[in-house]
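Hey, can you work out the whole structure from these sequences and the hints?
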Amino acid sequence: MKVENTKAQMRKGILEYCILTVLSKREAYPSDIIQELKEAKLIVVEGTLYPLLTRLKNAGLLQYNWVESSSGPPRKYYSLTEEGLQFLNELKKTWNELYNAVQLISK
Amino acid sequence: MNKTISINIAGFVFNIEEQAYEKLSRYLDSIKNNFKNEPDCDEIMADIEARIAELFQDNLSDRKEVILDEDVEEVIGVMGKPEDYVSEETADNFNHNEDKEDAEYVEAEEVNSDEEHRSRPNSKRLFRDETNGHIGGVCQGLGWFFGIDPTLIRLGFILLTILGGSGILVYIILWIVVPQARTTAEILEMQGEPINLGSIKDHVKGMKDNVNESTKKAGKRVNKAGKRVKKAVDRSGRMVSPLAETLSKVIGGIFVVGGICALFLLVIILFGNTGLLPLVGSDQVENLNTLLDILYPNGRSLLVFIAIAMATLIPIISGIVIGMKMLLTINYRLKEYSIVASVLWCLAIITLVLTGIELGVNFQNKAEIDYDVPVQIDSSNVLTIDVAEDDIFSNYIEYRQVWNFSELIRVSDEQIFLGYPELSIVEQADSGDFEVTLYKLSQGKYHKEAIHKAENIKFELEQSENKLLLSPYFAIDAKEKLRNQRIKVIVHVPKGKKVKFGPNIDRIMVGVDDDYYHHSESYANTVWTVDDGGFRCIECKERRVYDDNDIIIIDN
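Just so you know, the protein sequences line up as chains A and B, in that order. For what it's worth, numbering that gives the first Met the number 0 labels the leading residue of the first sequence as 0, then goes sequentially. For what it's worth, numbering that gives the first Met the number 0 labels the leading residue of the second sequence as 0, then goes sequentially.
Note that these hints are calculated values from the structure, not bench results. Virtual Cβ for every residue (Gly too), placed ideally from N, Cα, C. All clues given are correct.
Straight-line C-alpha distance at most 25 Å; calculated SDA-like pairs for lysine to any residue:
1) A:LYS92 x B:HIS133
2) A:LYS91 x B:LYS123
3) B:LYS494 x B:VAL374
What the simulated footprint calls covered on chain A by chain B, stretch by stretch (three residues with Cβ under 8 Å from a Cβ of chain B suffice, anywhere in the stretch; the number is not a length):
4) 47-56
5) 59-72
Below you can see the structure in the form of structure tokens.
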């Protein structure tokens with residue numbers, strides 16, 4: 000078992016949670032989300048975000064609008080659906096509990 | 000010279016060098032390869048290509064029309080190497096196979112740590128929760144401890160402060176005494192969450208049904224990355240019950256409105272003309288600055304003024320700020336503000352106390368000088384006492400209805416007028432003659448100073464046959480400070496003789512010995528005599544009563 004692999008999985012797990020959190024604050028297009036995630040050092044490269052967004056969208060958690068861009072192709076602006084919001088709240092609770100659990104265990 | 004190829008990415012045409020094209024093409028292929036099992040492969044690839052087109056667009060300009068090798072490198076750097084996709088994406092796929100093994104692994108981990116936990120006392124303790132709190136986290140901590148919504152506790156503290164003022168004190172004591180929850184263990188102890196692993200297992204199981212697979216995995220092993228998002232989660236995880244929220248908004252609204260009114264009044268008192276205040280009345284009243292000037296030692300009044308301003312403005316402004324916060328449920332922190340405000344407020348109070356002590360020292364010694372005032376009374380045996388026309392204050396002022404004594408202070412360039420001389424009528428026990436004594440009283444730092452100040456009081460007392468006319472005010476020099484200078488006129492009335500009060504007598508304070516019975520009534524135009532039972536009103540028809548402003552008739 001490679002440590003890199005495990006690390007990536009950890010990140011990936013909370014990545015969805017973080018993406019939903021970012022989108023719960025405002026509508027955003029992938030580069031915006033990337034920016035926030037990069038600041039939090041949760042993601043390194045942009046490419047990995049696209050499949051995630053697509054998957055979340057297909058799961059009905061996200062929706063998007065096409066917005067014309069001055070520099071390039073039209074952009075998909077993502078936002079949370081009602082279902083996505085519920086999903087996020089669910090994750091929030093779980094995250095709090097898990098966070099506490101992990102903190103306690105690793106102490 | 001290099002050959003370029005024209006390509007179409009996301010509907011945009013780019014000229015790209017052949018070498019760069021090869022690279023880009025390989026890159027896209029390998030990414031596509033990663034997603035080939037995904038049902039949305041095409042959509043993902045379209046998104047990625049659109050982003051790449053955008054990045055290329057950014058790099059191109061009038062001077063640069065061709066995509067070069069380094070542009071592709073840059074895009075790959077931004078979008079991530081194929082390996083990155085592998086580690087973050089396909090890892091998920093082969094992990095499906097590991098699920099069983101994974102579950103066992105987690106199980107084992109749980110059992111181990113479960114044992115560790117049994118050795119820990121799992122009790123609830125009181126901590127301050129600065130992360131979630133607004134000032135010192137005291138209320139938040141109490142909320143955890145008692146399992147109540149902290150907003151309700153905050154409201155409790157605010158009520159305590161309004162009702163008795165003890166809220167702030169209790170808060171400060173708790174702030175000092177209760178430790179802050181720093182370590183995670185302390186935070187958990189504070190929150191008193193059941194830390195048995197069964198509950199965690201439940202969550203994990205529950206997640207299997209509700210929550211995405213990947214979250215579960217990360218949840219099991221999450222650690223360091225968690226710290227980064229802790230803050231965001233903490234903040235969003237705070238729940239407020241609707242009742243507390245409504246209550247909080249109502250009280251917040253009251254705070255804001257009340258605070259703004261109080262601020263308005265205070266600003267007038269501090270900086271404006273006090274006479275503007277409806278409460279004080281339309282009569283001219285010296286403003287606070289002048290009053291402080293004539294009371295405090297030279298050079299102190301500005302300091303005292305600033306201290307008073309701070310001591311009063313800070314709580315009011317804080318009230319408004321807290322009210323706004325409650326009303327609008329804005330999540331700004333008040334920690335820095337609270338500390339600065341508290342320190343300034345304490346400084347102001349200390350200043351007031353110290354200057355107050357200093358002022359008190361200036362009142363240490365008392366002096367009293369008495370002067371005999373000769374009176375001539377003819378055979379009618381009636382002494383008429385009245386108060387002269389008031390050319391400084393209003394003629395309509397009645398001493399007993401004055402409750403704001405700054406109304407009876409008037410400062411001019413040369414003199415300070417004080418409109419509260421006192422008149423006292425007592426029985427003359429020793430002789431059969433009227434006797435009038437004028438007392439000048441003052442206080443001062445030293446006895447000599449007090450005597451000096453008493454001597455310097457100017458008071459006019461006109462004496463003519465059968466008549467005593469008192470000035471409605473006395474005066475001190477403008478350079479003098481107020482040191483409780485007073486004027487007292489005591490009239491000794493022998494048995495069988497009479498005193499008649501003039502129509503203007505209520506302008507000053509009148510005390511008739513043994514007259515406690517009629518203290519709520521006017522003295523104007525009344526006649527008193529002394530017999531064996533003490534003073535008696537013999538002409539008290541139509542004596543006014545202050546209580547209800549009715550005219551009553553007293554039959555004697």
